[in-house]
Amino acid sequence: MQWHTINEFFAMGGYGLYVWGSFGVCALTMIVEPILIRHRRKNALRNICIND
Amino acid sequence: MINWFKYSSPSSFYPLAGRLIPVFWMLAAILGAIGLYIGFFIAPTDAQQGEGYRIIFIHVPASWMSMFIYCVMAFWSLMGLTFNTRLSGMMTSALAPTGALFAFLSLWTGALWGKPMWGAWWVWDARLTSELILFFLYLGYMALHAAIDDPRRADRAGALLSLVGVVNVPIIYFSVKWWNTLHQGASVSLTRSPSMASTMLWGMLIMALAFWAYTIAVALMRARTIMLEREATSEWVKHLPDVKEIA
Amino acid sequence: MPLMAAYIAALQRDLLLVMRRKTEVLTALFFFVIVTTLLPLGIGPEPDLLRKIAPGAMWIAALLATLLGLQRLFAADHADGTLEQMVLSPEPLSVIVAGKITAHWLVCGLPLVFLAPVIGLQFDLSSDAIGILMLTLLVGTPLLSLIGAIGAALTLGARGSALLVSLLVLPLYIPTLIFGAGAVESYIAGLGATGHLSLLGALLILAAAFAPWATTAALRISLE
Chain G
485 MQWHTINEFF AMGGYGLYVW GSFGVCALTM IVEPILIRHR RKNALRNICI
535 ND
Chain S
145 MINWFKYSSP SSFYPLAGRL IPVFWMLAAI LGAIGLYIGF FIAPTDAQQG
195 EGYRIIFIHV PASWMSMFIY CVMAFWSLMG LTFNTRLSGM MTSALAPTGA
245 LFAFLSLWTG ALWGKPMWGA WWVWDARLTS ELILFFLYLG YMALHAAIDD
295 PRRADRAGAL LSLVGVVNVP IIYFSVKWWN TLHQGASVSL TRSPSMASTM
345 LWGMLIMALA FWAYTIAVAL MRARTIMLER EATSEWVKHL PDVKEIA
Chain W
607 MPLMAAYIAA LQRDLLLVMR RKTEVLTALF FFVIVTTLLP LGIGPEPDLL
657 RKIAPGAMWI AALLATLLGL QRLFAADHAD GTLEQMVLSP EPLSVIVAGK
707 ITAHWLVCGL PLVFLAPVIG LQFDLSSDAI GILMLTLLVG TPLLSLIGAI
757 GAALTLGARG SALLVSLLVL PLYIPTLIFG AGAVESYIAG LGATGHLSLL
807 GALLILAAAF APWATTAALR ISLE
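Chains as they are written, first to last, in our numbering: chain G, 485 to 536; chain S, 145 to 391; chain W, 607 to 830.
These are calculated hints, taken from the structure and not from any lab test. Quick reminder that beta carbons are idealized off the backbone N, C-alpha and C, glycines included. Careful: at least some of the hints might be erroneous.
What the hints assert, rightly or not - Simulated crosslink set (EDC-like; lysine to aspartate or glutamate; CA at most 16 Å straight-line): (1) G:Lys526 to S:Asp190; (2) W:Lys658 to W:Asp734; (3) G:Lys526 to S:Asp294; (4) W:Lys628 to W:Asp730; (5) G:Lys526 to S:Asp293.
Stated by the list, open to error - Here are the computed distance ranges between Cβ atoms for each label pair: (6) S:Asn228 to G:Trp487: 51 to 57 Å; (7) G:His523 to S:Phe185: 55 to 61 Å; (8) S:Asn228 to G:Lys526: 50 to 56 Å; (9) W:Pro698 to S:Leu164: 41 to 47 Å; (10) W:Ile811 to S:Leu349: 35 to 41 Å; (11) S:Thr226 to W:Pro653: 54 to 60 Å; (12) W:Ala814 to S:Lys382: 47 to 53 Å; (13) S:Trp380 to G:Ile519: 53 to 59 Å.
Stated by the list, open to error - Simulated coverage check for chain S against chain G, where a stretch passes if three residues somewhere in it have a Cβ under 8 Å from a Cβ of chain G: (14) 227-233; (15) 248-261.
Construct the complete structure from the given sequences, taking the supplied hints into account.
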């Protein structure tokens, strides 16, 4: 384990912006994508019930 | 002996997919946790690149996934055009946005990796350039699919485009490599990455598997929604527990 | 040979139709000229720079001009119902399609080969480089027509088809662009153009074998 403090972990040896910019966007997209699908699914279900 | 063709109709695939989705989310979370742990706590600091190289634990798996998904789409396209099954077309169009997402992530992380390492947000090396073209191929598929009103026709046109695309990808990659070696202006190359310690390789592999589980979960979710949209007037949809809940 | 007759009939028909609407054809050719004129205006007139960008610039203009012409490949026949008649006819559709693609090339691609010297002079290319350029265009423009036909067939009747075809087809044009422009650049650099030209030729043979078939499949899908 090379991180001695939590600040070191976030700083990533000076590359923090790039590393967290990457992991952050990755996490963000993988949260947003399923949310968008759920939204689409709710609309579809609503349309089915309306047309019934 | 599982009768696979039993699941080739949307009405039987829908509940099966519904049961599988949480399983794959779980797999994705577990594999992701392991992969990230390896990436941040086990893999050592690189001698030349410091901590910045850790981006490869997303960049490389995302690239792999973007190419793998494109091939899977081509497979389902071939199935759909050969056997004329509705489900194959739905799976192909369900996979496309996720594939495009991984292509985008590969490009984004490639830029964030390249800037501190080699001083430029973008380099025209063969792999990045091919990844960009793959991204365009995904966008083209999605645009074509969206532009055709009839869903069945959209599926079939998209399937053909996907097959044409997958045949062209090796040709495109080869031509871009050729182009890159002849215009040897940029001497930096993301392919000349640090020699892989085995921990790094394991980390990337596990992250790739995590992404794969994520893809399956998301694609199944999207496929189910597509089924709801297209088969809205069918009997089996009306009798779904999800629909009865809302009604 | 009935196949040959069907091919020639389709070819002749399209050429005849083009002859009646010559302005459309000339517009696409003028597009090529105008685009190649825009580049020095946008980049600057230094001969060294122009000579450097000339192969790529002219090839890109050729891509765009061909794309423009793709609109005419199937749309008119689709609009008046002739295309459906072709699908239903006893002649194999792929042969008819091959005839139409050839006509498209003769009208949109081959003229570019002959326009190349004129534009090449504007870019101060040496005469043997122009010769290589013409050769690459001669081999490459049929490729563009063949690949473009697939895109045109897929987007038949789709909304926004003009722009959509570009998005679909331009990535597929990239190898042609790389080998076509690369051949001229390689020749100018003294490395010879044979490597690139051979690859271009190989792509052409592949496309000639598969593209009509893929285009036919796409047409059937679009017309169902």
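Going through the hints against the structure:
no.: 1; hint: G:Lys526 to S:Asp190; verdict: violated (47 Å)
no.: 2; hint: W:Lys658 to W:Asp734; verdict: holds (15 Å)
no.: 3; hint: G:Lys526 to S:Asp294; verdict: violated (22 Å)
no.: 4; hint: W:Lys628 to W:Asp730; verdict: violated (31 Å)
no.: 5; hint: G:Lys526 to S:Asp293; verdict: violated (22 Å)
no.: 6; hint: S:Asn228 to G:Trp487: 51 to 57 Å; verdict: holds (56 Å)
no.: 7; hint: G:His523 to S:Phe185: 55 to 61 Å; verdict: violated (36 Å)
no.: 8; hint: S:Asn228 to G:Lys526: 50 to 56 Å; verdict: violated (31 Å)
no.: 9; hint: W:Pro698 to S:Leu164: 41 to 47 Å; verdict: holds (44 Å)
no.: 10; hint: W:Ile811 to S:Leu349: 35 to 41 Å; verdict: holds (40 Å)
no.: 11; hint: S:Thr226 to W:Pro653: 54 to 60 Å; verdict: holds (56 Å)
no.: 12; hint: W:Ala814 to S:Lys382: 47 to 53 Å; verdict: holds (52 Å)
no.: 13; hint: S:Trp380 to G:Ile519: 53 to 59 Å; verdict: violated (27 Å)
no.: 14; hint: 227-233; verdict: violated (count 0)
no.: 15; hint: 248-261; verdict: holds (count 8)
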